[in-house]
Every structure is written in structure tokens, then in C-alpha cells.
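Colleague: I would like the entire structure built from these sequences, with the hints used as guidance.
The residues making up each chain are set out below.
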Amino acid sequence: MKQRKAKILQYTKKARRAQKTAKTVLWLAAGVTIVILVWIIGYVVYNGFVSDLHREYPVIAKGGPEVILDWQAEQTLVFIVNNSVRIEELSAQDIIDFYCGEVRDWVIAKQDLKVKTFALDMTASLGKAFSEKVLGKHLSYNSNNRFVENDEEMIKKVAATIGAIGFINPEKMERARNNPKVKIINVRAIALVAHPAVFEIRNQKKLRYLKEEDMRAIFSGNAHNWQEVNGIDLHIVPVLFNEDLAIAKQFKQFALGDDKRFSLNAVHVDNQTDLMSVINRNEGAVGFTSYFYLKNHFPDQIVKVERREVTPNLTLSYLIEEPKKFGKVGGVSTIILNTVFMILLTVIMATPLGVGAAIFFTEYAGEGRLVRSLRFFTETLAGIPSIIFGLFGMLVFVDFLGLKFGLLSGTLTITLMVLPTIIRTAEESLKSVPRAYREESFALGATRWQTVCGVIIPTAVPGILTGVILAIGRAVGETAAVILTLGNSPTLARNLFSSARVLSVHLYLLATEGISFERAFATGTILIVIILIVNTVATQLIKKMNKMHKA
Amino acid sequence: MKKNYKIRTEKLNLFYGDVQALVDINMNVEYNRITALIGPSGCGKSTYLRTLNRMNDLIASVKIDGTVYYDDTDIYKDYDVIELRKRIGMVFQKPNPFPMSVYDNVAYGPRVHGIRKKEELDSIVEKSIKAAAVWDEVADRLHQPALGLSGGQQQRLCIARVLAVEPDVILMDEPTSALDPISTAKIEDLLDQLKKKYTIIIVTHNMQQAGRISDYTGFFLNGILIEMGTTKDIFFNPQDKRTEDYISGRFG
Ligand SMILES: Nc1ncnc2c1ncn2[C@@H]1O[C@H](COP(=O)(O)OP(=O)(O)O)[C@@H](O)[C@H]1O
Ligand SMILES: [Mg+2]
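In order, the protein sequences belong to chains B and L. Here our numbering is used: the first sequence runs in plain steps of one and ends on residue 551. Here our numbering is used: the second sequence runs in plain steps of one and ends on residue 252.
Worth flagging that the hints you see were computed from the coordinates, not collected in a lab. Heads up, some of the hints might be wrong.
[Said to hold, decoys possible] In the EDC-like style, the derived pairs of lysine to aspartate or glutamate whose C-alpha atoms are separated by at most 20 Å in a straight line are:
{"no.": "1", "chain 1": "L", "residue 1": "Lys63", "chain 2": "B", "residue 2": "Glu439"}
{"no.": "2", "chain 1": "L", "residue 1": "Lys94", "chain 2": "B", "residue 2": "Glu439"}
{"no.": "3", "chain 1": "L", "residue 1": "Lys63", "chain 2": "L", "residue 2": "Glu10"}
All of these numbers come straight from a predicted model, not from anything done at the bench.
Modeller: What follows is the structure, given as C-alpha cells:
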């Protein structure tokens, strides 16, 4: 008796332990799944809304409105742009590219806009200095550049020309500030220069660029060997302009931060010639000066600096502007609309077809041989890779039926693709309608069709809607079959036969053609949001209908 | 002169595949009376009831021979099944309102039979719910979900739903077996009202109920109608030993 009791007790203990383990394992499984899902969606949405990039530049990470052309700061200038340009700052290299015509569009501002350069002519001393020090000996103004005589005229012209950029004397900054049509931009114009040995390859190592904090460490004396900043084994020799020179003040402000002090064991110089001779005499030496000067005289000795750029990615303008230049600039408005068209057309075609087939299978067909093979056929269809539907659509709808690459061919193909999903979910939800409802309805003298329309479909609608949502999900996520049948024209589809690019295809092209990963993420985020909207709307609908289903 | 009955079955046999569930049933059902069918579970009461409005047509394996007359018309030969079910309504064991509003439930039948006008539907719905004695309880929630009603209310709603089609026979298959005693009493009172206008055939598991409410009683056993007569005779003066045993609770 006692023994038996003990045995039972032991068994209970064991069962409890098993229960505990099972609970832990299941909890883990659920936890891991949720973490992964949240991670994926969070990653895409974060990158969709925020573009967080590390880029290397030949200039330091910050700059101010007043740009020093040379070390001496005798001649400084201020750059202004027309208000149409969505940009707050540029690098000195951008300035050179614009004025010599290397870059002709405001791609850097993600705008489809021509760059119109304005320069002071040679009669103005600043005009002369600009042409000598910015363009230098090798470059010349682009052929569309326009010259103006003075600052007043410059401000007026830049204010009046969309996409314009120009420069003025700093004394006239107030005038520019008061003109609502122009804005003053910051220019990053100071660069780092080092002894050629710093760039050598030793032990398979080479300095590629400096991180911002490494640059700060070098000039504030916290780093002593290039190895500490991902360089080769070489002693660091910081070379500084005297602190009372304007360029040193700017460098301290923009590169070090005002709270930092310059390195105590730095070599100090007070002119450009000394700077370069000190640097070129000491292996491991590094200093700073005007980028324009270095670009013209020592282009190979410029040390690149990495900058973290956090900017909003998915902005309103991305939603409402048309795509330009393969999506490099502009937005995705037409592509969003095309996607909506595709969803609507697919739903309009696939829902009645799929639900009709499901009703036939569950309510009319019984369990004959024909039905079983039909069902097998739809099940098989569900497992066929979408690219095969794409091929079929291309050969049959596009070519044979002559529907061209367009909305109709595309949505017909997608319809075929999602039909099995809709049929299967609709069948399940029709089957789950209680038999009693059918009997009650028949007993009231209803025909089968009246019963289907009056009781069965209304009861099954929530389940049917779930299938439609799944289908929409597949449709908006589909790429391969869509490219083959719907094409990828980024313009708004005008009719059923016009080729149209949808979001998934746009995303695919942005990523595979290396156009822009940020834009790919922004597009992905829009896709997720569309699915979210569809889901929410459907859930609300289902909730509303379920009110009648519940006590 | 030969008496007219509302429903007559002659030599009715029913098979589920190879299994015979009803054997040579001859039964006459009187106008505007309540006829109770009793017998142990599985003896074929439900099956018999369902032959009367051809609900067994929905089961593929069922084979029937013999005749069922409704108002002297052979319902398996000379009657449209839709028309028949309109005339012979059915209330099931478990109340099963559709997942729609109270109003739509009652209006379902009339709508199915082509009535679309709102005023007409309104008056049918009100009349039927009143006749089923639930008006007081649902009048202010006509457009709320019917599934929100209590079990007893749901069953009376199902009766209202049947009445809305304006039948003259109502078949009931153990309509109170899923209900509490109070709801059961309400339904029994209702049946007493209804028999003024309708011929009612009710299957019941509960002999006291049969005794309380019915005018005639038929006793089934193993697919055979053992005995049929006035309720008084069946209960107090049964002719067959088996009936007597069943009534006195010796089996079943
Ligand atoms: N759909 C069916 N298919 C096969 N056999 C059935 C079916 N319905 C009932 N039966 C059988 O017919 C017999 C009578 O059943 P039923 O009429 O439901 O009895 P009761 O209502 O008197 O309890 C039972 O043996 C039952 O198993
Ligand atoms: Mg039964």
C-alpha cells in the first residue's frame, strides 16, 4: 500500500517535471520566433525611415558657412543655393564637381534637378580667387556656368534660378539671409594631409580612412601610433597651424569639438609651406588645411575621414513624387498607385472565381472522382513556383492572347497564382459552417442556392476574407511572375494594357542594380505598411461581422 | 365516409443503405392536434419525422418505399419539395438561430419565398414572434444578434422562424431536451396555444411531457410503430405489453 503510494507520487513528480520542461521548450520556441519576426520587421522599418550610413569623404565631417579658400583666410566665401534645392550642406569636392561640370544634377539631394552654377567674374577679387584656388590650373568652368559682376547680382540670380548655386563675400551674408528664395549652406572644406608613408602597405595592412573619433584622438594627443587607428606601425606626428589662425579655429570647432584641446606634443607651423615641408619630412606626420589647396597640390596625400550620416529616408516627398532616373531620384507615387491597381484587379478577379470554386467543391460536388482530381489539381497548383506562372503568363497572356505586358496580363497571372490559396481557405471556412444551419435553412423551404447565399456565405465570410488577405500578401510580394507579365515601366498605368512597375519589382531593381539600398528599404517599408493597412481593414471588417456570430 | 387526416403514412419503410430504420409504418395524424411520438432512443422517431418533410432526401444513402400523404397528396410523387417544406415546418432538437439579427432570422423564410417589401416583412416578423411568445423578451433587441439570446428564447425564436413561413404542420424533434425546466414550461404553454391553428407532431424523450401536452401518442420500438391512439389510451390502457412496459418505465 505504502509502496504503491510512493510509486504514484514519484510518477506525479516525473510528470510535473516533464510538464515544466515542455513549457520551457515551447516558451523558448515562441520567444525565438517572436524575436526573429520583430527583428526583421524592425530592421526593415528602421532602415526604411532612417538612412544610417557610414561614408568616407576626403574632407572632415563638418563645416560652416564661411569657407576658407586657403590657409590664410584672407579670402573667405559663402555658398548660397536656390531654395528649390533640398540640401543643407555640401563637401568641397561637390563644389568642384558642380563648377567644372563633372556633376550636372542634384542627385545628392535626391532631386531630378539641373545644377545651375553662378560665379563672380574675374573683375571681382573673389571671382579671381575662386577660379585660381577652387578650380586650379587643371579645371575650368562648365560651359553653362554664368558669370555675375557682384554679390547683389549673385543673390538676385540665384534667387531667381531653380537649382542654382553661387557664392558671395561673407560681408553680404546678411543680404542673402534676408532673401527667402536663397539659403546659405555649410561647406565641408577642411581636409587632412599626411606623409606618403602613412598610406603604404605594410604587413598587408593599409590605412583606408580615419574614423571620426580616431581623427579626434590623433589631434588631441590620445593616439600615438597609426596602428591604434587601423593604420600601419608608424609613430603619429600631428602638425598644427598656430591656434590663432582662422583655419585652426575652424578645424578645432568642426573636427575636435570646442571642449577638446590640441595635442601637446604637436609640431606647430604658421604657414602653408612650413606645414607641407614638416609633413613631408616626417614619416607619420599628419595635419590639416584647405581641401581646395590639397586637391590642387597634394591630391594623393589626403586622408579620408568616415562620417556617419543619419537622415530621414522615407519622407513625404518619396511618397508623393514620381520616380525619375530609374528610381535614383524622385519618389514612388506612381508605383504605389500601380500596386493598388494590381491588388484591386487581382481581388476583383480572384475572389469570385476562388470562392465560386470552393462553393462548388463543398456544397455541390460531393466526393466524386472528378472532384477529387480537381481538388488534387488545385492543391498542386498551390505548390508550383511563381516563376512558372510567370512564364505561362508571358507566353499565353502576353504573347498568344496578345494582351501585351500590362495590368491585365499581370493580374491574370497573379490570379491564377493565388487561386489555390483562396479556394483552400474558402473551402475550409465553408466546411466549418455548422451542418445545422444548412438543415434549418432547407427545412424552411430554401433551395440550396438560397441557403448558400443567405446563410453559408455570410457565415463563412470572415474565413474567406482571411484567404483574400493571404492572396493580397502573395500578390504584392510577388516579383518574378510580375516582371514577366506586368513589365516594369515606372509610369502610371493608364489602362489595362499598359505596363506598370509595382513596389516589389521596384524594390528588386533598386537592390539588384545597386541603385540605392536606402531607397530599397524605404520601398520595403511602404510594402509592409500596405500589408498592415490591408490587414487592419480586414480585421475590422471581420470584427464587425463577427458581432452577429457571437453571443 | 372515410375520415380525412392531415398526414397519413402507409407501409412506410426506410433504409439507411442496407440497414432498415423504419418498418411498415402506418400512421394517421389528426388535424389541429398534438401528436407525440415516444420510444427509446434509436428507435426511429427522428427518422420518421424527417420523412414527413422530406429532410431525409438530403442523405444520399436513404431509400424509402411506401407512401406519405399530406392532405391526401402523395408528397414523394405529387409535391414540390420546396412547397412541401413551406407547408410542413420543422423545429430541431438544439436551437440553431442563424448568426444574424433576431429580425433577419425570422424574416429569412419569408424572404426566401419572395417577400421583399419592408412593411410586409415587419408585420410578418412581429406576428410570428408574438405567436411564438417571445415578443416581450426580444422586441427591443430585434436588430441584435440572435445568438445572444438565452437557449429558451432561441428555441422560441426558431419556432417563430418556422411560423413566419406560415406552415400548417409543425414537426418538432425533442424541442425541449436542451432546455431548462422553466424554458420547457414556456414552450409547452406555447404548444397549447399553437394547436388551435396548427397540426403538431412532436418527438419527445420525456413521457410526462407527452402525457401533459399531447392528444395522440404513437409508441415506436426498433423502427416499428407498436401502438398508436389517444394519449389517454396509450398511457392508461395500452393494448400491447411492450407499450405497457415502456410506459411503466420497465425499459427505455
Ligand atoms: N444518417 C444516418 N445514417 C445511417 N444511420 C442512421 C442515420 N441517422 C439515424 N440512423 C440510424 O437509424 C436508427 C434510428 O435513428 P433515429 O431516427 O435518430 O432514432 P431516434 O430519433 O428515435 O433516437 C438508429 O439506429 C440510427 O443509428
Ligand atoms: Mg432522435
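Colleague: Take the hints in turn and mark each one as holding or not.
Modeller: The hints, checked one at a time:
no. : hint                 : in the structure
1   : L/Lys63 <-> B/Glu439 : holds (19 Å)
2   : L/Lys94 <-> B/Glu439 : holds (12 Å)
3   : L/Lys63 <-> L/Glu10  : holds (15 Å)
Checked against the numbered hints listed earlier, the structure breaks none of them; every hint is satisfied.
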